[in-house]
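Novice: The chain contents come next:
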Amino acid sequence: MSAPQPLPDADLLAPDKPATEPARTRRVPAFLRRPGGALGALWLVVVVVGSLTAPLWVPYDVTTQDLANRLALPSADHLLGTDPLGRDLLSRIATAGSLPLLSSALMLVVAFAIGLPLALVAAERPGRTERFISRATEVLLALPATVLLLAVIGIVGNEIPLVMAVFGVLLSAAVYRVMLGVAQSVRQRLYVDAARVDGLGSLRVNVRHVLPAMGTVIAVQGAQLFGIGILVVAGLAFLGFGPGEPAPSWGFMINDASSHLFDGPWLLVPSGLVLALTVVAANELADALAARGGAGAKRRSRKQVRAAAAAAAAAQGESGSEQDAVAQPVPDDAVLAVRDLRVSVVGGPDLVTGVSLTVRRGTVLGLVGESGCGKSMTARSLLGLLPDGVAVSGGSIIFQGTDLVGRPEKELRGYRGSRIALISQEPMVALDPAFSIAAQLTGPIRRHRGVGRGEARTIAAELLRNVGIVDADRILRSYPHQLSGGMAQRVCIALALTGEPDLLVADEPTTALDVTVQAEILSLLRALVRDTGLSVVLVTHDLGVVADLCDDVAVMYAGEVVEAGATAGVLDEPRHPYTMALLGADPHVPDGEPVPERLASIAGTVPSPGTWPEGCRFAGRCLFATDACRTPFPTVPAHGGGLVRCVRVEDLALHQISWTPEEAGAETATTAGGAR
Amino acid sequence: MTAAAPVREDAATTTPALEVRDLVVRYGSGRKARAAAPAIDRVSFTVAPGETLGLVGESGSGKSTIGKAILGLQPPSEGQVLVQGRDITSLPLRKRRGLAADLRVVFQDPYSSLNPARTIGQTLVEPLPRGTADATTRARQALESVGLPGDAVDRYPTQFSGGQRQRIAIARSLVVRPKVIVLDEPVSALDLSTQAQVLNLLADLRDEHGLAFLFVAHDLGVVRFLAQRTVVLYRGQVMETGPVDDVTLHPRHPYTAALTSAAPVPRPAEQAARRAAREALGIGTAGAAAPSPTGCPFATRCPLATEVCTTERPALRQVGASLTACHHAEELTA
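These protein sequences, in sequence, are chains H and V. Quick note: the first sequence uses full-length UniProt numbering, first residue 1, plus one each step. Quick note: the second sequence uses full-length UniProt numbering, first residue 1, plus one each step.
Misleading hints may appear alongside valid ones.
Covered by chain H, according to a simulated footprint, are these stretches of chain V (three or more residues, beta-carbon under 8 Å) [stated by the list, open to error]:
1. 187-194
2. 306-315
3. 319-330
Ranges between beta-carbon positions, derived for each pair [to be verified]:
4. 216(H) to 131(V): 28 to 38 Å
5. 138(H) to 281(V): 29 to 39 Å
6. 432(H) to 281(V): 54 to 64 Å
7. 138(H) to 27(V): 54 to 64 Å
8. 216(H) to 292(V): 18 to 28 Å
9. 331(H) to 27(V): 55 to 65 Å
Everything labelled a hint here was simulated from the structure, so no lab data went into it. The beta carbon of each residue, even a glycine, is placed where N, CA and C say it ideally should be.
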């Protein structure tokens with residue numbers, strides 16, 4: 001056996017994603033890149049700076065009256081006009097601003113200073129402490145805030161900052177509520193557990209790990225409450241609580257304006273607009289902060305997707321298969337024949353290229369590979385269920401003689417569910433928690449088979465018995481949350497069978513299940529294939545599952561099929577280095593064989609779409625790569641009707657080269673000197 | 001061979017690196033919780049220095065709860081946890097800082113176990129006492145010992161792939177030179193080739209540093225690669241425990257038999273034979289009926305179950321090389 005040169009471990013650090021964002025370089029924060037966030041922040045800055053510095057720049061004293069110019073419209077002398085006593089509006093609005101802004105800020109500080117620590121403590125100590133704090137805040141929430149505020153004013157007088165501080169105490173209950181929820185969910189994260197196991201004290205866990213993760217919510221809540229605070233101050237002033245005449249206040253100015261609606265309608269505009277804009281700005285800023293996480297996701301219009309689909313339909317007409325020299329004919333017993341399929345991000349890189357698959361009637365085809373290899377995309381394209389912004393951009397999907405590529409959505413709907421069905425990885429997600437199993441089964445049965453309610457229920461019970469559910473009547477009455485994972489997946493399979501499909505696409509159907517339950521589901525699928533002549537495309541990452549259920553298998557790597565053929569051929573005599581490596585990495589060995597001391601491993605990670613190299617996409621990680629691998633080459637027929645996409649396949653077979661794991665200790669030896 | 005791993009000859013006589021005695025964990029409080037079956041029901045085991053013990057079971061078996069109870073993340077209701085002979089059962093997390101050097105953890109999900117807002121270096125030095133002079137050097141060494149370059153200390157978790165993050169999580173547990181590491185499903189979120197890298201790495205570290213691993217996993221194949229002994233859990237109780245090859249190749253408990261035969265192997269011919277053997281076993285569907293509180297938890301699914309299995313809980317007893325909690329263990333081996 002020729003010992004291959006192991007690749008240096010250095011490329012372990014090949015980033016799995018091209019580093020699009022150099023971390024921590026100073027940039028405009030994401031929330032400021034949204035127009036709402038930028039304008040909101042700008043307005044708040046203008047208002048805050050403007051009102052705090054008002055005494056320095058306002059053109060008139062707030063009490064200077066100009067009775068000749070009562071209720072004037074904006075002019076060069078009075079930029080925003082004058083009030084009923086001829087006082088300059090700009091000066092009054094600017095001077096009045098500092099009170100609502102400062103007292104709202106005070107309210108915020110009080111509300112968070114009380115609510116946030118309580119939330120952190122309660123999240124850390126579920127049980128008695130949490131219950132006590134929560135009940136106490138509920139009492140606070142139950143108090144009628146308006147009445148209480150008026151009572152406070154009655155006692156302390158027109159001390160608005162003090163009143164707002166009291167209001168902050170009341171609001172702290174609401175802050176606590178929101179923050180408790182966030183803190184609890186942050187504490188669920190494993191890195192918090194890890195820090196606790198590290199022996200970090202409670203304060204440091206909170207300050208280092210919990211609080212930073214709550215930052216966005218704190219900012220959103222703060223901005224929103226700030227707006228509310230300003231409204232409350234203005235509302236109080238409107239009612240006459242606040243600085244008395246002649247001192248200006250936003251609320252009183254609006255009150256004043258409301259009595260001059262007919263003789264001086266302009267009066268309402270400046271003060272009302274400033275108040276409204278300030279509150280809107282605070283909320284816009286909150287929105288922008290909240291949306292920060294979702295920034296950068298580009299949306300593609302439906303039109304673009306449709307255009308791409310049309311282009312694909314056109315392209316398939318003119319170009320033959322350029323990838324595979326052998327244009328594989330479609331066998332007579334094929335239920336599904338995929339030829340030269342290409343799936344791409346619209347206006348972006350290819351995700352799947354040159355995939356050809358054939359599924360014979362009553363057989364199971366396995367699509368196997370690691371995550372990011374395009375196996376799920378391939379399976380989803382069979383149903384026309386690709387994610388938004390992803391479309392088939394070439395090739396054909398011939399299902400029972402009809403090419404599905406480029407068909408209108410309406411026509412595809414006729415296939416989906418009735419002739420091609422899907423079961424997915426998460427059975428619980430596939431079932432609607434609000435409806436009983438009976439309701440979820442009888443709906444599709446009536447739609448697909450055109451029968452009445454009673455008959456549909458009989459068929460539903462029969463379907464459940466077909467998927468190995470003994471007490472079908474009890475299950476029909478239950479709701480999804482009452483089922484175990486295995487039972488839910490059986491129901492999903494029954495649901496998929498309601499339209500009596502010819503092809504079932506099973507996307508990792510057992511990945512989320514326990515191994516004993518997985519064995520039951522695999523047995524069920526095998527029985528269905530045997531008894532009903534169903535054909536299945538099974539997506540999985542587990543070679544054992546392939547060995548158990550699949551007649552044929554296609555191994556995918558970086559968006560293309562690298563080896564395909566009968567399962568026994570591919571798994572027992574793998575010819576592509578990637579297949580060899582995958583098998584060598586699998587710790588499951590048949591009884592009687594010793595457990596390997598080392599597992600085969602593949603250095604680096606799967607290259608992401610758009611970064612695939614010319615020629616063999618596996619070459620960068622392959623132990624046997626040569627220069628010949630880096631130019632395009634045709635596939636080689638193998639395993640009967642299958643193929644291998646490796647230029648060195650003959651070479652490797654001739655010298656009986658196989659993928660062997662490196663020596664013990666290789667994983668820890670990188671550069672000189674490990675941790676001793 | 002796993003047997004070649006350095007299990008000390010005198011493992012039985014030296015102080016175990018980790019010992020769990022009659023551990024009981026109940027969730028919730030009050031009368032209702034007392035009446036319900038506990039999540040962990042009288043589980044005991046030891047892990048010798050340099051040894052790896054596999055803790056195997058399906059979802060709901062309580063394997064992760066045991067890990068949490070050892071780490072102090074879930075207070076035990078009864079029983080004891082000893083690290084290096086020292087009883088830490090009721091030691092609150094705050095007081096474990098000194099202990100943190102001996103007992104470490106690697107979690108399953110490499111994506112949520114690293115704080116995205118902190119650099120790798122900041123995360124790695126966290127378990128070190130404040131003011132450790134050579135903290136950064138030790139962080140670099142730890143990274144290098146798991147096959148990553150030392151300058152990764154200045155980067156953030158998002159710049160690494162899943163497999164690399166799991167290496168970082170392992171480095172984080174190594175930085176204080178621990179004795180015992182609880183590995184809570186460390187490879188189950190990883191792809192096959194990455195899983196192989198991490199398993200190889202763990203095997204290397206165990207052999208180089210003489211670490212004791214408690215390896216919590218649902219996959220017996222993976223456990224067989226790394227562990228010398230294994231404990232099979234079902235509904236919070238130990239069904240079988242013994243040398244990993246004996247347990248997987250000659251299971252004495254029907255549940256272990258169900259578990260081993262259900263794990264598929266990537267060889268079509270062998271897998272067909274295993275499938276036939278599994279179907280011949282006649283194991284009942286999971287979750288068919290709640291087991292009797294007084295009997296064996298597996299009785300409702302067990303093909304060998306008789307009257308006694310529902311009335312009397314079987315005690316662990318020596319059958320062959322393993323300890324088995326089954327009234328009918330001999331029938332299975334026959």
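Novice: Evaluate each hint against the coordinates.
Specialist: Here's how the hints hold up against the structure:
no. : hint                         : verdict
1   : 187-194                      : holds (count 4)
2   : 306-315                      : violated (count 0)
3   : 319-330                      : violated (count 0)
4   : 216(H) to 131(V): 28 to 38 Å : holds, 33 Å
5   : 138(H) to 281(V): 29 to 39 Å : violated, 55 Å
6   : 432(H) to 281(V): 54 to 64 Å : violated, 36 Å
7   : 138(H) to 27(V): 54 to 64 Å  : violated, 26 Å
8   : 216(H) to 292(V): 18 to 28 Å : violated, 50 Å
9   : 331(H) to 27(V): 55 to 65 Å  : holds, 57 Å
Of the numbered hints given earlier, the model fails hints 2, 3, 5, 6, 7 and 8; all others are met.
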